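Join the two chains, each given in its own frame, into one complex according to the hints.
The lines below spell out each chain.
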Amino acid sequence: MDEVVEILPDLLEQTGIMLQIVGLGMLFGGAGGLVVGTALYVTRRGGILAQPVVWWLLNTLVNVFRPIPFIIFIAALQPLARVVVGKGIGTDAAIFAIALAATFGIARIVEQNLVALDPGVIEAARAMGAGPWRIIRTVVLPEALGPLILGFTFAVIAVVDMSAVAGLVGGEGLGNWAITYGYRQYNPVVTWSALAVIVVIVQLIQVLGNTLARKVLRR
Amino acid sequence: MPHISLVDVTKTFPARRRGERPVTAVDGVTLDVERGQVYGIIGYSGAGKSTLVRLVNGLEPVTSGSVLVDGVDITTLRPRELRRVRQGIGMVFQRFNLLRSRTVARNVAYPLEVARVPRAQRQAKVAELLEFVGLTEHADAYPEQLSGGQQQRVGIARALAADPSILLADEATSALDPETTEEVLSLLGRVNSELGVTIVVITHEMEVVTRIAHRVAVMEAGRVVEEGPTYDVFTAPRTETAKRFVRTVVRALPEGEELAALRARHEGRLLTISFTDEAASQARVFGALARAGVDFHLVHGGVDDIQGRVYGLLTIAVDGDDAAIRDALAQVGPGVTVTEATAEPAEPAGPAEGGERDG
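These protein sequence lines map, in sequence, to chains A and B. In terms of our numbering, the first sequence is residues 1 to 219. In terms of our numbering, the second sequence is residues 220 to 578.
Extracted from the complex, chain B is given alone in its bound form (with noise of 0.2 Å):
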């Protein structure tokens, strides 16, 4: 069974004002995510991802469609027994969201609260997830005297406190900077992969699917247009908006006036090469470009790493005899993929690269 499955989830908004529409921001998603896993939703603001991961703890009410957490589906629970649920689904914001009127350790205690731990308990757990977090030490501080990342950290503290089995990442990294971002995406892993917690990211960002999600999601006008495992999609993306985002993290085909400009610079023929992790493919296109007796030098590209696996996509200039070069890229095997960067491009250029803040 599915930890969290959405079965044709529809979330519709009323019309805010007269002569406006209803806004669909979800719309007619299903999805599974499977317990212990990390998956992530992705999609540009306005996709409707934000939306969706509140369908999850019913902080929104569907408009039609069930959500099922352990099999139960929570759109049918009246509002206590809803709250229960809650309180083993943790939540993490964007801006963080932490009382200011509570210091640090009882910020992370309020969950505690809610579900009426007597208070030694209470004070032992929150002792237990500020090690945890690293902020032992800011007990006794007040939001407003912590950097963004430390912030964060009583975020995920706090919402781990009722000891939740899913915990929902709304944007956590999106108002913090690249290093920090590092910090809590590590964070985030050691759930996981520790504590056994399942996660739902939602994020703009392909770096943070990259990085912890195990599965992806890619939404867009409130539909889910591509799913499947971080990897594949990330390796083979099949949609417009998918292709975008991995471009946002790999230099992928040059296209366009990129490819015009390597044109005017390298004579000879322009190959783009994909690898992915099968048996150190690269060594061997190399090799077997060098051993035929060809040309080359990388014009453009770059490797990237995705759950611990290898993906490049790497341009070549080759100069050489044609037979020669099908000659040795014949040789190379499973796990290489070659194409002819042509002048056509693919399919046109996507607007501006990276998302904007909010979902």
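Isolated chain A (complex conformation) (with noise of 0.2 Å):
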């Protein structure tokens, strides 16, 4: 217990800082996954903005850049972090990398939310002489409002995962921590109180989550 209350300090620094790295990769990668999911809705072919060139250029973009290991991508990220935020390591450049691999990681949850709305209701406001732009912002994003909601909490929680590799690249976080405090220093309460403090976290988010879409959806 005392060894609980001697880490308690550098606990809830490491925490804040892991939250701080979350809510901005999710600020910026849900900006972007947003943008970029409902592109590659509304550019495919019979798309209200049916542009193949485009659609093929982003879809190219999120298959190529997706799949690669984070612990990877964000190491060979570090030349466009220097560009981007001034340096290659550090919370920052962390931050940099989450928010670039979230934003093609959420652009497809945001697609497949999309490509699933009943395209009678799409229809029906083409008919009503609502022009694309309208329809987006009062058609598609409306319509798919709780399954995005779903999915931007599943995007929270990878991007929960994808904090606790920042350290790689210098970044600091409750993950970072448990590594070099707990793991590297065969000290357990250190690696267990990271683990609990993430798990209590996770559970919010999705109780959060799960509360706003039920809301939403009226189920």
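Among the clues, some could well be false.
Dumping the calculated DMTMM-like pairs for lysine to aspartate or glutamate here, alpha-carbon to alpha-carbon at most 25 Å [stated by the list, open to error]:
(1) A/K215 <-> B/D359
(2) A/K215 <-> B/E363
(3) B/K462 <-> B/D251
(4) B/K344 <-> B/E356
(5) B/K462 <-> B/E476
(6) B/K462 <-> B/E474
(7) B/K462 <-> B/D540
(8) B/K462 <-> B/E486
(9) A/K215 <-> B/E356
(10) B/K462 <-> B/D523
(11) B/K344 <-> B/E363
(12) B/K344 <-> A/E123
Over the 10 Å line for every Cβ pair with chain B, so calculated as not near, a few chain A residues [what the hints assert, rightly or not]:
(13) D2
(14) G47
(15) P67
(16) M128
(17) A130
(18) T138
(19) A158
(20) W192
(21) V216
Hints were generated in silico from the structure; no laboratory data involved. Please read all numbers here as calculations on a predicted model, not as lab measurements. The beta-carbon is built from N, C-alpha and C at its ideal position, and this holds for glycine as well.
Structure representation (structure tokens):
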């Protein structure tokens, strides 16, 4: 028990850093994924802004980057991180890599949920004279909101997972802390307390996502 | 000037995969819909009727030909102009296509938002429309909380929100039970008679056509094979397709096995008498036969109401002197046609009656 009290300040600090990484990663990755995923949906053949070339480019981009294991992706992205966030190492570089990886992953989740939409409602909106941008804003996204919330919940948890690798490029957070001070220094209390906090956070996120989705779906 | 005019319109969909052939869904169709008319387009699934109706509001672009709405060829319009035209053409769908994320009232408000109508006016218009379709108390309900008939009434209210002069109904009653179908048809009838909206009704159900359409086109394999006032097409169908549709509503001439069964049961001659509404002709036929001392009884047939006019096809078994029968029938005059029911079928019996869902 004393050991836990001893590490508590570090635990809280690292939890805060992890939340920051996950929060910013999701903010940028979520926005990016929503844009790319929606773009994939509307530009596909038969879509409301059908653009075969644009669709092919986006689809190829997602297909190339999404399967790369994150631990390799974060390392390979260092030069680009240097250009975008100014440094190839540290928490900011990790957030950048996470945001980019999340963009590709979330894009697919968004696309899958949008493809499942009833084409009839899109047709109805077109028949009423709505233009493509209005349809995206008032039909496509609101009609898919419930599944999108569940998809994003799934994505947040994947990003929590990614954040554990931040240490590779010198980023901080619970994952790095557990590896450096728990695993490498044979201190299971550190490892297990990090794990416990992550489990609790993931549970909270899942409950929040489920509740929101249920509210939107009215069931 | 017709309200809607299709001139030699063809729609071909490109082959889905290599090796498949392109599909010509609509093949050289020319037809006019007059202002204030209810125009029925009937056909089996795959006949091209749903594609045809989507050419009218440009949801599908034509491959060739022109589509004139109020004299404007919509096939030449740019997307923005086409969207403007669509605001003046309401559409209702077989599966309602309501937005699940919106309440009934906000579904009905959608076209008004598209037309950038200010909020206060929008609310007034929505209230008025919900009143018209009898759903005022469900304004704040979500679509899934309503029955199919109620959802279609929301669909109709939504289609009318932007005060369209044309309403396209694509199998609007096909997902509904008979009672609800009746309810929705009478609502469409009111839309036509009270609001003066021109309606194009796509259906595979002959009852729908006979109930509300003034004029009807019968489609088969992308072509209009028969066209005319509903009563005329119904009482004197020329094509086999049209005859099959008519048979789904009225028991027409007995043929084949049915005729053989009738023959086995009844002695004497079998005569089929077709009645139109001219001057109570049914009473005259039966009166004439009775006065001539001819025994007869009704063995087959039915009487229907089409657009408020009577049409019947009755087969009677008569037993009596041939000359007396001939004299009696000679007296009955117009509106009645008598044909001998012969063992030879007039044309080969068609496949299963009734249509499939979807167009």
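Against the structure, the hints:
Proposed proximity of A/K215 and B/D359 is supported: the alpha carbons are some 16 Å apart, at most 25 Å. With a CA separation close to 15 Å, the supplied pair A/K215 and B/E363 stays within the 25 Å bound. Distance check on the hinted pair: B/K462 and B/D251 sit about 23 Å apart at the alpha-carbon level, within 25 Å; holds. For the hint linking B/K344 to B/E356, the alpha-carbon distance of about 15 Å falls within 25 Å, and the restraint holds.
With a C-alpha separation of about 18 Å, the suggested pairing of B/K462 with B/E476 holds against the 25 Å cut-off. Annotation: proposed proximity of B/K462 to B/E474 holds, straight-line Cα distance about 13 Å (limit 25 Å). About 33 Å separates the Cα atoms of B/K462 and B/D540, which puts this hinted pair outside 25 Å; it is violated. Taken as a hint, the B/K462 and B/E486 pair is broken in the structure, with Cα atoms around 28 Å apart against an allowance of 25 Å.
About 23 Å separates the Cα atoms of A/K215 and B/E356, which keeps this hinted pair within 25 Å; it holds. Among the hinted pairs, B/K462 with B/D523 is consistent with the structure: their alpha-carbon atoms are about 15 Å apart, no more than 25 Å. Taking the CA atoms of B/K344 and B/E363, the gap is about 23 Å. The hint holds against a cut of 25 Å. Distance restraint check for B/K344 and A/E123: the Cα-Cα separation of roughly 23 Å lies within the 25 Å cut-off, and the hinted pair is therefore satisfied.
A/D2, annotated as away from the interface, keeps every beta carbon of chain B farther than 10 Å; the closest lies near 54 Å. Residue-level check passed: A/G47 sits 14 Å from the nearest beta carbon of chain B, beyond 10 Å. Chain B leaves A/P67 outside its interface by the beta-carbon criterion, the shortest separation being 28 Å against a cut-off of 10 Å. The non-interface label for A/M128 is inconsistent with chain B: the shortest C-beta to C-beta separation is roughly 4 Å, within 10 Å.
The claim that A/A130 lies off the interface is violated: its Cβ sits roughly 5 Å from the closest Cβ of chain B, which falls inside the 10 Å cut-off. A cut-off of 10 Å between C-beta atoms contradicts the statement that A/T138 is not in contact with chain B; the least separation is 7 Å. No Cβ of chain B comes within 10 Å of the Cβ of A/A158; the nearest lies about 26 Å off, and the non-interface call holds. Chain B leaves A/W192 outside its interface by the beta-carbon criterion, the shortest separation being 44 Å against a cut-off of 10 Å.
Separation of A/V216 from chain B is inadequate, the least Cβ-Cβ distance of about 8 Å not exceeding the 10 Å criterion.
Hint compliance for this structure: hints 7, 8, 16, 17, 18 and 21 are broken, all remaining hints hold.
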